[in-house]
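Here's the letter readout for the chains.
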Amino acid sequence: MNQPPKPRIKPWNDPRIRAWVFQILAMAFVIWLATTLFFNTLENMERRSIQTGFAFLDRTAGFGILFSLIPYEETDTYGRTFFVGLLNTMLVSGLGIVTATLLGFVAGIARLSSNWLVARIAEVYVEIFRNIPLLLQIFFWYFAVLQALPSPRESIRFHDMVFLSKRGLYVPAPVAEPGMGWVTIAFVLGVVATLLIGRWARKRREETGQGFPIWRTALGLVIGLPLVLFVLMGAPLSWSLPALKGFNFVGGGVLLPELVALWFALTIYTGTFIAEIVRSGIQAVSHGQTEAAAALGLKRGQVTRLVVLPQALRVIIPPLTSQYLNLTKNSSLATAIGYPDLVNVFMGTTLNQTGQAVEVVAMTMGVYLTLSLAISAVMNGYNRRVALKER
Amino acid sequence: MKASHLVVGFGALATVAMAAAPASAATLDTVKSRGQLVCGVNNSLPGFSAPDEKGQWSGLDVDYCKAMAAAIFGDASKVKYVPLTAKERLTALQTGEIDVLARNTTWTMSRDASLGLNFVGVNYYDGQGFMVKSALGVKSGKELNGASVCVQSGTTTELNLADFFRANKMTYQSVVFDTSDQTLQGFESDRCDVLTSDQSQLYGLRSKLPDPSKAVVLGDVISKEPLGPVVRQGDEQWFDIARWTLFAMLNLEEAGVTSKNLAEMMKTTNPDIKRLLGTDGEFGKQLGITNDFGVQIVKAVGNYGESFERNVGQGSPLKIARGLNGLWTNGGLMYGPPIR
Chain A
148 MNQPPKPRIK
158 PWNDPRIRAW
168 VFQILAMAFV
178 IWLATTLFFN
188 TLENMERRSI
198 QTGFAFLDRT
208 AGFGILFSLI
218 PYEETDTYGR
228 TFFVGLLNTM
238 LVSGLGIVTA
248 TLLGFVAGIA
258 RLSSNWLVAR
268 IAEVYVEIFR
278 NIPLLLQIFF
288 WYFAVLQALP
298 SPRESIRFHD
308 MVFLSKRGLY
318 VPAPVAEPGM
328 GWVTIAFVLG
338 VVATLLIGRW
348 ARKRREETGQ
358 GFPIWRTALG
368 LVIGLPLVLF
378 VLMGAPLSWS
388 LPALKGFNFV
398 GGGVLLPELV
408 ALWFALTIYT
418 GTFIAEIVRS
428 GIQAVSHGQT
438 EAAAALGLKR
448 GQVTRLVVLP
458 QALRVIIPPL
468 TSQYLNLTKN
478 SSLATAIGYP
488 DLVNVFMGTT
498 LNQTGQAVEV
508 VAMTMGVYLT
518 LSLAISAVMN
528 GYNRRVALKE
538 R
Chain C
-16 MKASHLVVGF
-6 GALATVAMAA
4 APASAATLDT
14 VKSRGQLVCG
24 VNNSLPGFSA
34 PDEKGQWSGL
44 DVDYCKAMAA
54 AIFGDASKVK
64 YVPLTAKERL
74 TALQTGEIDV
84 LARNTTWTMS
94 RDASLGLNFV
104 GVNYYDGQGF
114 MVKSALGVKS
124 GKELNGASVC
134 VQSGTTTELN
144 LADFFRANKM
154 TYQSVVFDTS
164 DQTLQGFESD
174 RCDVLTSDQS
184 QLYGLRSKLP
194 DPSKAVVLGD
204 VISKEPLGPV
214 VRQGDEQWFD
224 IARWTLFAML
234 NLEEAGVTSK
244 NLAEMMKTTN
254 PDIKRLLGTD
264 GEFGKQLGIT
274 NDFGVQIVKA
284 VGNYGESFER
294 NVGQGSPLKI
304 ARGLNGLWTN
314 GGLMYGPPIR
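Residue numbers (the working numbering), protein chains in the order written: chain A, 148 to 538; chain C, -16 to 323.
So here's chain C without its partners, still in its complex pose (with noise of 0.2 Å):
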């Protein structure tokens, strides 16, 4: 642990202090020399990003960084995939180890504003939560006063902690853990009463105990959690690559287009399938990448509604529901700009 925050910390100031790099070095000309996407995602994050035993990651947010190949490469495997802790990721963007974070990230405005990074959009709405042991009997947040909370270190959820109990008067002990996997391990051997973290990785997490029915997550939400892919600041052809690859998602979705009637979909007439997909204009050209991104993102991942079902909803042991990160025609927040 210690050695990888040194290294982190060592290649901050080696790359910042080396020769000048220009800052807006076109992050997708090094992109396609290299011919392959450098993505930094969770270490262990079941539904977000995690790897299976043969070691392919899969995931939410590694969609993501898949979809994100796949509109540049035309091929959704040409992605090396960084796994980080909480609080080597937003050093290892900046430093330019990777070439885009898709790792549970809260947007926040120090984060947007002071370390020369850019919020590429929202991928998953969330917001932060208690799990405790079913024996304690304890059904709010509330009643919390004196516990023990475990809790991952560089992290936004620190500081609503923090916040949370100081607003409700009540005092707590944090014992602060590098990783998602320690906070576990401090919960299940009793250390702490608590675990606290974003609700959808409660969930994540409760579902590796040996016995996920012996812990409950609470019905407190306690905070606002956009979560989000990151790209450094300062070059604005790669921010629109990133954010667009997410709006194409959102916009398949919205327009009906799965990976199962792709073919059908093609003939379409509809202007704005039409658009989405290449057929028509010239929106991917505009980028720098292949007019029919679309299609590329659809073929490798599917839409988000598919990704979202096969990586935390229904179709995944986690089964969240859309709620919040519905489309908006839907009752939802997810919301893709026009492509015209």
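Chain A with its partners taken away, still in its complex shape (with noise of 0.2 Å):
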């Protein structure tokens, strides 16, 4: 067979070439950009004498912060308290995501409830608190909270052990003694062995149809292995109790109010999101798939747990990602209240301190996208494993 003689194309006319062309060019415009604003910055900041660069971060901070993860202290730098704002941002970000997750789905399956009652208390809750701006959701319940319990000194109290007042949930705080360390590594292990055991268990059931008790299994291990080490060891373990010395409680543990305020307002806001997604989820499954599931004789909590929600994980879990992304930037109002997260103690305090706003800022926006992009990246990764497998 005769080849057709391939036509000779000038290189500028030729769409791959240009393709790159444009590509390159346009990747160059953007880079000359960058490059401009930045050392545009440099050059006007250096101009009004403005300081620049990140040795701030090495210098004395000199304030007080009310909570911290780590510890820290007024003689620490200004790049710890980077650190301990971040802590901060990830704990309620990290709580929020939890409970908001459980609120969300407990009131998305409740709205399709057959009971009528159940499914218009999750409709009335859906419909109000996603449409109360979060920042007022915020302000309400660090001030109804607030004014409605007592001061430190007629705090509500539990055996003297537990007190609620308006400096926080004050409890006992478990201090571990020599010995803890084995117990500690029971849990862990009883946590790997169920995992593994959960994995065969599937494995198996998706071979032979045959069930595995795997709750009570990991009730088991998780609970009981630690359990009877703790028992066999002396109970290797002793409380720091809450006093009341002063102004304030001294020992013990405590929640704070702003903490509980931000937490609360993150997990009812944002859960209502969740339910939404989560009843959009589950209609998504056809009917047939439960009459299916149904007459395979599946229990009704087997067809929810076996067929249903499989299947609506998978439109779930995209949209939920997203929700997890808002709930962290919007932990960032926690500022209004004086919770110290990154905004209130990085960008808030350290900020006027030290006046670098322009380093900081960046810093901040920067955190958030890492953050943005860690959950992204783990709920992608989970999508992929939930997502339906082309046969």
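Incorrect hints may appear among the rest.
Said to hold, decoys possible - Derived lysine-lysine pairs resembling DSSO-like cross-links, with alpha carbons at most 30 Å apart:
hint	chain 1	residue 1	chain 2	residue 2
1	C	K197	C	K125
2	A	K392	C	K197
3	C	K282	A	K392
4	C	K243	C	K61
Claimed, not checked - Which residues of chain A face chain C? A partial, calculated answer using Cβ under 8 Å:
hint	residue
5	W288
6	R314
7	K392
8	N499
FYI, nobody ran anything at the bench for these hints, they're computed from the structure. Heads up, the beta-carbon is just placed ideally off N, CA and C, and yes, glycines get one too.
From the two separate chains plus the hints, produce the assembled complex.
And the structure:
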């Protein structure tokens, strides 16, 4: 067969070369823009004698922070205030994501309940709380909770161990003593064993159709095993009790009202969106699936757990990811009620004490970007696992 | 709150990133062509700057803005007030959002040296104190071990607080809010035992409580807080105008020129007063403003003493005594260099 002669195309008419040229031009423009902005900023700041650079991170901060997950004192550096704020942001976001998911799933399933009252309660909850601005809700919980509680001296007490007042919820804090390490190891072992058994049980079910009482096994491994060891080691744990001393409580652990208010508000607000996502996910599973499962003789719980939810999750996960990202970013409203998150501590006090707005704002934006991308990555990984596998 | 930070943050980025605006662009020309002085003030601090029901601003800091507008335009109403929180104020000035900042801002070395800003002088000598509920029966700051303290974010107050408790080996919990109104709300709702701020502010905030007698301001003064107007570095002419506006107010008081006796004073033969009121010499011209700027200032807001008494002194609900803020001739620290 005769190959038709390849038509000679001039390079500037070749679509592939053209595409490359345009992309390189576009890229060069973006890089030029970014570098110009960067160097212009530096030059202008220098001309206005504004200090630049990150040397301030090593200087002594000198201010106190209400609450920190890592040891922090006034003599620590500005760099450390960054981590204090970052961890506090991650704490409230993490707590919020867990509880908002639980609340959202419960409310979403409840909206589809055949029980009229349950469905209406869930509906009212969703419609009210997703339509009130989050900031207002945060203020509401903060000041409503605060106004209702007594002062520390008249705090609501429970056997002189738990105290609830305007200063927060003070509870006995566990103090580990020698031997506790073994209990922790047993707990970790229990979790790992449960995961392995869970995988094995799932594989067996897929191959043979036989079920396995995984929940009871998990309970025994995760709680029973460490408990037995705990008793054997002679209960190596003591408690630090909170006690009122002067103005405030000393000892014990504390749940601050700022954290509680923010956590509540984020949970309740985001929970409404998750509820709607869950409802749409479940409704996306065709009714034929439920009927088919019932026809196979599965119990109602099994139908939901084994047939409906796995399919609903495929619809639920992508928008759920967005809600997690929203929650994390919304946690920056903490600054309104003085919860020491990253925006309050680092972009607030640190920025003002150092005056280095550009660096601090850039670092803060970088953090939220990183957190968001990390959550996205995890959720996308999970999404790939539950996504429909084309066979 | 978050939005406003972002605005300031992005504002900072945008203005410093955009094509080179000459740092020494004559602020005076910009202000004149705009026809308005843009002045950064506190959003609500009785006695220093607060709007009334009709939206008219008044206070010691507001009077400074008015005096400056009077010196430039001969019209004290040509001011646009931009209310700022403590966190936003310095960035707003750096980025050129405002021409001058008169917002009870403490003059410190790091602010002066590293932010590209210049402090004009001191228009109120203040010091940090504590306000507590009377019911606690606390008499001194040294009894505050373990207390929860409400404090405003982005202030020198936050640092002094930490220093004070550390120096006295006491512990504390700092609850940090964005605005002074929020700190007051925290104090009122009993989240904090103590509210700390500059003494002058404590009196102002106390007057906002439903029952001011339920709170007391302790005698302790734990820091030096010289408050004064601030301008951007790099425009010496503007800096001088801002500075001599303040000095003129002080010199007017020292010379005994008030808004009431101005007409008589115009006829005086006293050479000091003649220079001050521009009937002799070309002092205003050297700054790029009119020679009679002293007259305009006193017409607009009176001399420093009048402004003080009207806003924070005996003519106001705060009833603060002159003390350190009296003229040097009366044992205070206020001292205007001579006009000659």
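Results of checking the hints against the structure:
no.: 1; hint: C:K197 / C:K125; verdict: holds, 20 Å
no.: 2; hint: A:K392 / C:K197; verdict: holds, 23 Å
no.: 3; hint: C:K282 / A:K392; verdict: violated, 58 Å
no.: 4; hint: C:K243 / C:K61; verdict: holds, 23 Å
no.: 5; hint: W288; verdict: violated, 13 Å
no.: 6; hint: R314; verdict: holds, 6 Å
no.: 7; hint: K392; verdict: holds, 7 Å
no.: 8; hint: N499; verdict: holds, 3 Å
Hints 3 and 5 from the earlier list are contradicted by this structure; the remaining hints agree with it.
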